[in-house]
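2 protein chains.
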Amino acid sequence: MSINLKKLSEELGLSQTTVSRALNGYPEVKEATRLRVQQAADKFGYRPNSRAKGLATGRAMMIGHVIPSSTQHEMVNPVFGDFVGGASEAYARYGYDMMFTRVQDDTEESAYRELLAKRAVDGVILQGPSVNDPRIHLLNELGLPFVVHGRSTGVTEGYSWVDVNNKRSFERATEFLIDLGHRRIALINGLEQMDFAQRRRDGYLSALKARGIDVDPSLMRADEMTEVFGHHQTRDMLRMEKPPTAILASSMISAIGVRRAIEEAGLTMGRDISVITHDDDLSYLKNGQDVPIFTATRSSVRKAGEIVAEMLIERIHNPGQAPLSRMLEAELVLGRSTGPAPQGK
Amino acid sequence: MSINLKKLSEELGLSQTTVSRALNGYPEVKEATRLRVQQAADKFGYRPNSRAKGLATGRAMMIGHVIPSSTQHEMVNPVFGDFVGGASEAYARYGYDMMFTRVQDDTEESAYRELLAKRAVDGVILQGPSVNDPRIHLLNELGLPFVVHGRSTGVTEGYSWVDVNNKRSFERATEFLIDLGHRRIALINGLEQMDFAQRRRDGYLSALKARGIDVDPSLMRADEMTEVFGHHQTRDMLRMEKPPTAILASSMISAIGVRRAIEEAGLTMGRDISVITHDDDLSYLKNGQDVPIFTATRSSVRKAGEIVAEMLIERIHNPGQAPLSRMLEAELVLGRSTGPAPQGK
DNA sequence: GTCATTATTCAAAGCGCTTTGAAAAATGAG
DNA sequence: CTCATTTTTCAAAGCGCTTTGAATAATGAC
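In order, the protein sequence lines correspond to chains A and B.
Take 1 as the starting number for the first sequence in UniProt numbering and just add one per residue.
Take 1 as the starting number for the second sequence in UniProt numbering and just add one per residue.
A few of these clues could be false.
Since the list can't tell identical chains apart, any single copy or any two copies may satisfy a pair.
[Unchecked claim] 25 Å max Cα-Cα, derived BS3-like pairs, lysine-lysine:
#1 K6 <-> K118
#2 K6 <-> K53
#3 K286 <-> K7
#4 K53 <-> K7
#5 K43 <-> K242
#6 K118 <-> K53
#7 K118 <-> K43
#8 K118 <-> K7
#9 K286 <-> K118
#10 K242 <-> K303
#11 K242 <-> K7
Just so you know, the hints here were simulated from the structure itself, not pulled from any lab data.
Here the structure is a predicted model, which means the values were calculated and not measured.
Turn these sequences into a full structure, and let the hints guide you.
Dropping the structure here:
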């Protein structure tokens with residue numbers, strides 16, 4: 001079988017204690033010995049068995065991500081890869097690995113309990129929080145370190161989070177459209193129970209209200225943010241008696257569908273109808289090269305993943321410390337999808 | 001601290017042996033005892049510590065995925081989420097978890113060695129193989145069970161794989177375009193060193209050759225399959241003296257860019273210029289609802305993930321067995337993006 | 001050269017589980 | 001009621017590491 005600590009120490013004529021200490025950088029070992037040990041370890045390609053090490057230290061050096069299987073689109077979704085990419089960047093820096101557990105939606109709670117009981121992870125990241133997300137209370141109760149990507153309206157107890165200022169960014173986007181003269185502004189949002197969707201709607205409504213513009217519920221659509229959804233809703237709204245002159249979309253993917261519907265209707269985006277989308281700055285779906293295709297509220301989800309991961313590691317290393325939080329501001333980038341509201345409409 | 005086997009067995013007045021056996025379904029324990037143990041375990045929410053269990057059994061119940069950090073777009077890419085979603089579905093069925101390790105590109109080899117030496121995983125999945133991928137030899141040498149998603153041209157030793165018949169599907173797509181009267185057919189492919197890109201090109205070339213159509217190298221473009229890339233290359237080609245009348249794209253994402261460029265040029269897709277794309281059948285990026293947007297070679301990458309995972313588990317459970325393989329045929333779905341070649345062009 | 005310090009090294013216990021080999025309990029044939 | 005068999009349970013070893021408390025070696029003051 002492969003080399004282990006016992007064999008390595010026999011090979012060196014040293015005790016396991018000394019070899020272990022040498023490799024883990026403890027001060028009570030002679031520099032010359034440490035060097036000798038190090039070289040032998042390299043030579044034999046020795047790596048401590050992670051399970052044995054974890055058992056002895058009580059630390060798994062592993063971060064858990066729990067993926068409910070039903071919420072296919074919101075989780076196994078376009079941002080997933082980039083978010084995970086950012087997070088894993090941070091994990092790698094601190095020597096952590098990441099683990100995914102897939103669960104049936106109704107067993108998500110027990111999945112967390114199990115993760116803790118099995119001592120499989122040192123902490124978890126909670127993705128895609130809904131309004132009043134019950135998982136937060138559960139995790140607090142369990143005492144398992146966690147950080148939420150997003151927030152959960154309605155939850156009163158403390159928790160650590162990293163979130164984009166969704167309300168502010170959609171408020172700004174809406175104001176911008178109003179300034180351009182738009183009055184009939186549609187919102188193509190993500191699933192209503194998702195917290196981010198709620199906040200974006202709040203921002204949208206708050207801007208309309210501040211400018212005294214009536215809210216038309218038929219201009220507000222919400223569902224999973226697929227391309228098809230964006231297309232479908234836009235086509236539908238363009239057939240209305242008084243169609244919107246501007247559309248606010250919650251993701252680039254749905255915005256692409258919006259664009260498709262606009263063009264199918266023989267209209268031109270940015271002239272006949274304006275579009276602003278949220279842009280997660282995905283690596284494979286850049287918003288154009290020099291000039292952005294869409295005017296957008298931009299915030300890198302990859303960066304967010306990195307920050308979330310770093311915060312979690314911080315919390316794992318300093319348990320008992322008060323919850324942390326970090327608000328990220330989205331930037332409003334101007335593209336070619338917006339223009340003055342057409343006259344006489 | 002939390003409950004463990006020792007405490008549980010004390011609680012029950014039984015030995016650890018019996019409790020362990022009862023929970024693991026061994027036959028040499030009285031049914032009444034098993035029931036009593038089971039109930040107590042449930043009551044206390046007992047779960048065996050996975051690291052201790054792994055140490056004792058020598059099995060990690062964990063599958064590894066190694067993600068090279070440079071290949072951002074090809075790995076942290078749109079299909080990543082769906083592929084992983086499918087795989088995790090299969091893992092869950094067999095009680096495995098999945099683990100991701102992020103590595104610097106130049107340390108990928110040592111990452112595998114380390115994974116093995118640390119005994120952190122029972123097997124790994126190799127994603128995104130290039131032509132002559134050196135990782136295959138490495139993994140064979142290490143004796144770590146693995147399955148490749150895709151194949152690697154040039155590698156002569158045996159290995160298990162699951163792949164789409166990329167050559168055949170692009171051959172068919174090209175033939176289809178030729179049948180429609182197209183003669184200047186462009187190929188907007190993925191990175192050249194990727195094996196799938198190579199095979200698709202082969203299929204494309206083979207169809208052209210079979211019909212005696214000259215190959216124009218200026219119509220063949222290859223790079224990371226982003227939206228921007230599809231757009232850029234298409235715009236570029238449309239400005240040629242003799243622009244293509246049809247375009248073959250390697251992914252929906254680039255096809256969306258292709259479409260954007262076509263429309264920006266004032267042309268209509270399906271009439272002025274035909275497009276066929278490969279469609280991974282992503283959950284958030286369906287190719288239209290009833291009528292597909294694009295004529296496409298379709299093959300679910302989610303399904304592929306599931307098959308790959310299942311094959312890997314099979315190999316883990318039966319080591320030493322001859323390599324397995326599975327070829328998936330893509331289906332050619334007809335959408336609105338293709339039509340007869342325009343006359344006089 | 002001696003003895004108190006300090007620097008190194010070591011043996012053994014412990015992390016929480018599985019599993020081997022042995023012991024105890026139950027069963028049944030006679 | 002015995003004694004051989006079969007069931008059921010148990011004590012202890014082992015998985016590969018870290019870490020405690022003790023032992024040994026090196027150092028330096030006198």
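To see whether the hints hold, each was checked on the structure:
1. With identical chains, the CA atoms of K6 and K118 are at most 25 Å apart between copies only, with a shortest distance of 15 Å across copies and 27 Å within one.
2. Proximity of K6 and K53 under a CA criterion of 25 Å is satisfied in both settings, with 14 Å inside one chain copy and 20 Å between copies.
3. Taking the closest pair of Cα atoms, K286 and K7 never come within 25 Å of each other, the shortest separation being 52 Å inside a single copy and 55 Å across copies.
4. Taking the shortest Cα distances, K53 and K7 sit within 25 Å of each other both inside one copy (16 Å) and across copies (23 Å).
5. In this homomeric assembly, K43 and K242 never come within 25 Å of each other (Cα to Cα): the closest approach is 76 Å inside a single copy and 61 Å across copies.
6. In the homo-oligomer, the alpha carbons of K118 and K53 lie at most 25 Å apart both inside one protomer (15 Å) and across protomers (9 Å), since each shortest distance falls under that limit.
7. Taking the shortest alpha-carbon separations for K118 and K43, only the inter-copy value of 16 Å comes in at or below 25 Å, while the best intra-copy value is 34 Å.
8. Taking identical chains as interchangeable, the C-alpha atoms of K118 and K7 lie at most 25 Å apart only when they sit on different chains, with a minimum of 15 Å there against 29 Å within one chain.
9. For a Cα distance limit of 25 Å, the shortest separation of K286 from K118 qualifies neither inside one copy, at 41 Å, nor across copies, at 38 Å.
10. Within a single copy, K242 and K303 get their C-alpha atoms no closer than 40 Å, and across copies no closer than 43 Å, so neither meets the 25 Å cut-off.
11. Taking the shortest alpha-carbon separations for K242 and K7, neither the intra-copy value of 80 Å nor the inter-copy value of 70 Å comes in at or below 25 Å.
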